[in-house]
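K.L.:
Sequence:
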Amino acid sequence: MRPTSGKRPAKRRHRKSMFVKRLTPKLRRTLRIRPKGTASRKPKVCPRSDPWTVTPAGSFGDSTKTGTARLRRHLGFVAASSWLYERREFERVVDEFEKEESASDVSERDSLFDGALSRRRPSDEPRRRGKGREDARGAGPWGEEGGSVAGSEEEVSESASDDGESGSNEELSEHGSFLVDSTVASGAESCDEETSQASDSAYKVFLLSKCQLLAVLKPPVALCLVGRAHLTVLQGALTVDGHLATPSRSSLLVEAGFLSAPAHLHPIRPHSDSSSLQLRRALSRLGASEAWGSLRAHLGPGSAVVLLERAGERWPACQLGAQGLLPRLKGPYLGLGFKLRADRHRQPWRLPLTTLARRLSRACASPGGEVPRVVVCGRQNSGKSTVLRTLVNSLLNMCPEVVYLDCDPGQSEFTPAAALSLTRVTEPLLGPPFTHVHTPEKMYFLGHVSPASQPDAYSAAVSKLLEHCRQHFPNTPLVVNTMGWVAGIGLSLLVDVIRRTSPTDLIQLRPGSADAEDLPPLDPHGVERACGWLTARGDGTGPRVFSCHQLPGGTWRARSQAKLKRDAMMLAYLGRNILNNDTVTPFWLWSTVPYRVPWCSLAIHDCDGVVRKQDLLHVVAGSVVALCVVPREVLLETNKSDYPKFVEGTGPYECLGYGLVRAVDPAEKVFYIFSPEPRERLSQVNALVTGDIHLPDAVLFSQAQMFRQKMLPYVEKNLVSSGEEQQEDVLEARVGDEFDCE
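For the sequence shown, our numbering assigns the number 1366 to the last residue and increments by one with no breaks.
Computed list of lysine-lysine pairs in DSBU-like fashion (alpha-carbon distance at most 35 Å, straight line):
{"hint": "1", "residue 1": "Lys-1293", "residue 2": "Lys-1066"}
{"hint": "2", "residue 1": "Lys-1293", "residue 2": "Lys-1264"}
{"hint": "3", "residue 1": "Lys-1264", "residue 2": "Lys-723"}
{"hint": "4", "residue 1": "Lys-1088", "residue 2": "Lys-1187"}
{"hint": "5", "residue 1": "Lys-1187", "residue 2": "Lys-1066"}
{"hint": "6", "residue 1": "Lys-1088", "residue 2": "Lys-1066"}
{"hint": "7", "residue 1": "Lys-1264", "residue 2": "Lys-1066"}
{"hint": "8", "residue 1": "Lys-1293", "residue 2": "Lys-723"}
If you anchor each label on the Cβ, the simulated ranges turn out as follows:
{"hint": "9", "residue 1": "Pro-1144", "residue 2": "Val-995", "range": "24 to 32 Å"}
{"hint": "10", "residue 1": "Gly-924", "residue 2": "His-1092", "range": "47 to 55 Å"}
{"hint": "11", "residue 1": "Gly-924", "residue 2": "Arg-1153", "range": "47 to 55 Å"}
Keep in mind that the hints were calculated from the coordinates and are not lab data. Every residue, glycine too, gets a C-beta built ideally from N, C-alpha and C.
Start from the sequences and build out the full structure, keeping to the hints where you can.
P.N.:
This is the structure:
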């Protein structure tokens, strides 16, 4: 008998544990045996109060962890061994759900092509990403994320401007030194009679410091500003793209020349001339009293003295993918961040538009006048956006607010693309769309930048927005932006918009030469005889009488910049609560703490119905989705209470904003979603809808600089099923590759 050492003998390993260890992964899944470390399969109870909770510390936005470590935990391969099991479980539940539901073609009722767009895709046909759109009221609680947000220490190089040339070698001089002296030419270079009578007029520019200059303008001289500048009127009066600026008003931030036309500065004769004493006091406050001696010789009746100050050459949210399109500045202008030039080729529509705006403003001011409703239409790149901004700014001179109905899903003015919106405007619009992102009063997500595949949904959304406008803003001026698609179905949809708006005035921008793609004359007689998409000619639904103004279209063209505008608007929207002049775009998005939302609190939907329900979880991961409100009666639940719901029908459904799905966690059954919308607004959201909206490619590929590695999140291949069972070894190999990303 062996002597004992006093230690207890080692425990024998349980036979079942040894047996399980020898099982292959495939047999292990067949026997429903979970891999070690995976979460319990017990269904979770969906929280009723506030399922949008704080993301745990160390997951997102933790400054103690690297960007790679933050994303590794929740980016696609979180609990990867559990993901394979959950993927098949989700597909099984959806299959049972579809068998129980009657087979119905979702888009058969609403599609233009009688369900052709919603047909089942053959197994060999490539899959398109989901396109989205939905509406109505429901509950879907959002909780604010906590924790500190860690920014990146890296900087992206300045995208502005240096050509490699130094421009001018002269150094910026002292107060009152003369920098530019330009006279406005007459004759062939003048654009209208008003300018041709001012051959002896001039504008003078004086440099006060490296970041300040004074400009003296005499009517009818006009200047164009390119770049970013703070503008303050010290004497006289000035219109900036239609907005009236006077010494009594605060300074304006003007941003122009990048993805938009230059800003138009035009002096006007004020009702009472300002005294020179006020100007001298203003110069004294600026510490430039010596400049008075140089200025006084150039002042005259109706002169406007303007102070322009540097606002920074960096354009927030637009440093990626568009460096070559930023304004080119040289010499002294490089330090200022903007430049001025004489407007020798003034847009031909400005003078008649100014006259129209004055008449509409008087109608707004008069107690018994008819409330203006103005529709602006024209083909692509005809200058609709610039005309609309000028018109809105002119109306705001007399009215406290203007309602803007945006019916162009491809080039929206206040929101990201693929949506129709109704927005209340109270401040002047002095820059391209991405510089004035607004929260709309009402918005409907169409899912595409063109309504070609969903004309019925487009018409329904326009009707609902107009009804909301009549109910809540009956005495507020309305301006309507229309699509640039004016051929075929696009023309029919435009006719419907005009008839349902019943405008008091219609502005049609037409090119100087005849063009087959241009609109026919849209006078009252032509609109009455036209055939709409949902309205018939002569059915009495259109306006009886309205004023039609045919203006020459603008000459500024940016046909190839449509996608850049949409990308800039998406970045500006996502970062509107974060971005400033010192923020570097590629890094704020990943260092921001997202919301953590259970699956059971939301429905997931594809606006086209072309994505299989089994694949929707894969489609939303890493995608920009519309945060919609869907009526409870159209929500479809599976037999698993902790799984997301689905949506029956095609909408349109109300959209409260957009969000970026940072990750989908199958172990915890939660979404990680980042959105700039406030918590009070997000508390109504109950559906995620995918559409033809994405993060800019430059943002995704810029992660290589941030992570210093070849593997990029959201760019690698995802585990998306192809409709047929994939080989087990291929799936396991992909999971293994994901774990080797360190």
